[in-house]
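Colleague: For reference, the chains in residue letters:
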Amino acid sequence: MKVDDKYLDEIFDFAGQWDMPSKCGLKIIAADSKNIIIVTELYQNNPGTSVTYAGGSLIKQICDSKKLDISNVIYLECNPNTFSKLSFYDEEFFQVDFELENGLPIKLKYRQLSQEEVKNLLS
Amino acid sequence: MKVKIIYPKWKKLPGQTTFNLPPHGPVVFAASLPDYVDVSFTDENVEDLNFDDECDVVCISMMLTTQVKRGWAIADEYRQRGKTLMFGGISTMLHAEETLQHADSIFLGESEGRMENVFNDLKNNKLKKVYNFMGNQPSIDLVGPARRDLYKRELYNHKGVQMVDLFHASRGCRFSCYPCAVSYLGGRNFRPRPIEKVVEELATIDNNRLFIVDNSLAQNSEWEIELFKAMIPFKKKFISHTIEDDPKVLDLAAQAGAWYVYQAVYDTSDYIRERVKRYHDYGIGVEGTILFGLDNQTEDDILRLIDFLLSIDLDLAEFTILAPFPHTKAYDDLMRQGRIFDHDWDHYNAGQVVYQPKHMSPERLQELYEYAWKAFYKEETQEEKMFKLFTKVMLREMNDGTFRPRNRALANKSFGKDVVRNINK
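Protein sequences appear in the order of chains W and D. Take any residue in the first sequence, count from 1 to its spot, add 125: that is its number in our numbering. Take any residue in the second sequence, count from 1 to its spot, add 531: that is its number in our numbering.
Keep in mind the hints are simulated off the structure, nothing from the lab. Built from N, CA and C at the ideal position, the CB exists for glycine as well. Just to be clear, a hint being listed does not mean it is correct.
[What the hints assert, rightly or not] Each computed DSS-like pair below joins lysine-lysine, with the alpha-carbon atoms no more than 27 Å apart:
| no. | chain 1 | residue 1 | chain 2 | residue 2 |
| --- | --- | --- | --- | --- |
| 1 | W | K244 | D | K889 |
| 2 | W | K232 | W | K159 |
| 3 | D | K600 | W | K232 |
[Claimed, not checked] Per label pair, the in silico range of CB-to-CB distance:
| no. | chain 1 | residue 1 | chain 2 | residue 2 | range |
| --- | --- | --- | --- | --- | --- |
| 4 | W | D138 | D | I871 | 21 to 31 Å |
| 5 | D | G691 | W | D138 | 34 to 44 Å |
| 6 | W | D138 | D | P764 | 39 to 49 Å |
| 7 | W | A140 | D | I871 | 21 to 31 Å |
| 8 | D | R705 | W | N245 | 35 to 45 Å |
| 9 | W | S239 | D | Q611 | 30 to 40 Å |
| 10 | W | L246 | D | Q632 | 12 to 22 Å |
Can you build the whole structure from these sequences, using the hints too?
Modeller: In structure tokens:
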């Protein structure tokens, strides 16, 4: 399954559920007020846990690894275009809002973004 | 050391014919235990569980999400009685965090080559809470014959007819399908067993009829061809999932004893129609597996699909409703969108709507599912269609001299229980 790499600058290795070696696409856009983190699900090229299931743990691992202030990021999950005929593999973006408890994101809330919102955020 | 392996019961779907097949996971696990372990096995689907049986350790093996709540309840009871309780199996891996709350230890991954250490820890009072081998599969060469000697054979018998034996020739799957968690459980690599190992195990199975439970045999043509060639001399008949759509492979599969296959029917295309026809051309029956509730299905799509099924000469059909099992893309998508409204694992039986479908109400999807069963089996019941398939396999067995008459001593028993016959006097 080919994955669109348009929102992906690097492959980020992370510890998934039960420390399973896992991979996702990662792009970080430095913005004036908040850094924007985009993680991309790699499907068959991810041997471990999905970015959604990894959830708060992945956010923390990225922020720790990239030395970002976890309390000051905009975190986006991208289901990339896979060029599949199946509509549930179309491109989708979700903004993930969360609270912090002992430095770990909890109570993740997902909001699907429109194409317009994605464009505005990334421009 | 006495170990009791338990396979918890689950509630069967209403209105459907239930056949209890001898479960595969527990006896594959049992084969990986150290030699000094004295093992017994209870399948709660066919016999009552006796909590007073003497044992040192209880191992609960769970395959389905609909088993987990019962598995946890059994565990709680045994732990109250002071027994050491371990969990393993597919749904232990899918529901690991919750299962951990009911266990002394959970085993995540495949057990071959690992249980000697686990039992050493147990003997030394150093049992770990979690044995985590996720993503770290043992060599497939280590998989030996399953411990089918643990089955109480008379319990897997319906009116004298022995149920098929489950068997696996490979693990893992290179595909990662939308509703499926296999890629999470078994890695994204197809791992075929060496043919000599398959042959070694086939030779141990005292049953002419098998269900090859591999996710899909159509993953490596060269191996698939060698597998079927190796199976021909055994003259067994088998059910399996998809076989590669290639004349040479289909011909060999038929010679190897392919009885019928499960084939996903996901649209009304000529490709599906021709696929079913090609199986039939080689004398292989087809049970269509039809999944309802995907986001790309409208009511009209489902109704068209049901009409299509009636026109393509399927031998059997099995309808399911999308169940968003943990660690599937379906789960991720529906969870993010806040569409899962039922979190009772007993309801994740693929016959009950637990989420808000995109194009209809949950109630309407449930109605369409029930309508599909009724419409498909309106002219001929499921039992009648099954009997036709059964007749075909009997005739093939009679032709090649492998037919075994049913066991008359069990003619009045069905899965260990007395058959109640409605005979008007």
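Colleague: Next, verify each hint and record whether it holds.
Modeller: Checked hints:
Of the pairs offered as hints, the one joining K244/W and K889/D holds, with about 26 Å between alpha carbons and a cut-off of 27 Å not exceeded. A hinted pair counts as satisfied when its Cα atoms are at most 27 Å apart, and K232/W with K159/W qualifies at roughly 20 Å. Under the criterion of a C-alpha separation no larger than 27 Å, the hint pairing K600/D with K232/W is consistent with the structure, at around 25 Å. A hinted range of 21 to 31 Å holds for the C-beta pair D138/W and I871/D, which are about 30 Å apart.
At roughly 57 Å, the beta carbons of G691/D and D138/W sit outside the given window of 34 to 44 Å. Between D138/W and P764/D the Cβ separation comes to about 47 Å, which falls inside the hinted range of 39 to 49 Å. A hinted range of 21 to 31 Å for the beta carbons of A140/W and I871/D is consistent with their spacing of about 26 Å. In this structure, R705/D and N245/W meet the distance hint of 35 to 45 Å, their C-beta atoms being roughly 39 Å apart.
Taking the beta carbon of each, S239/W and Q611/D are about 54 Å apart, not inside 30 to 40 Å as hinted. About 40 Å separates the C-beta atoms of L246/W and Q632/D, a value inconsistent with the hinted range of 12 to 22 Å.
In this structure, the hints that do not hold are numbers 5, 9, 10, in rising order.
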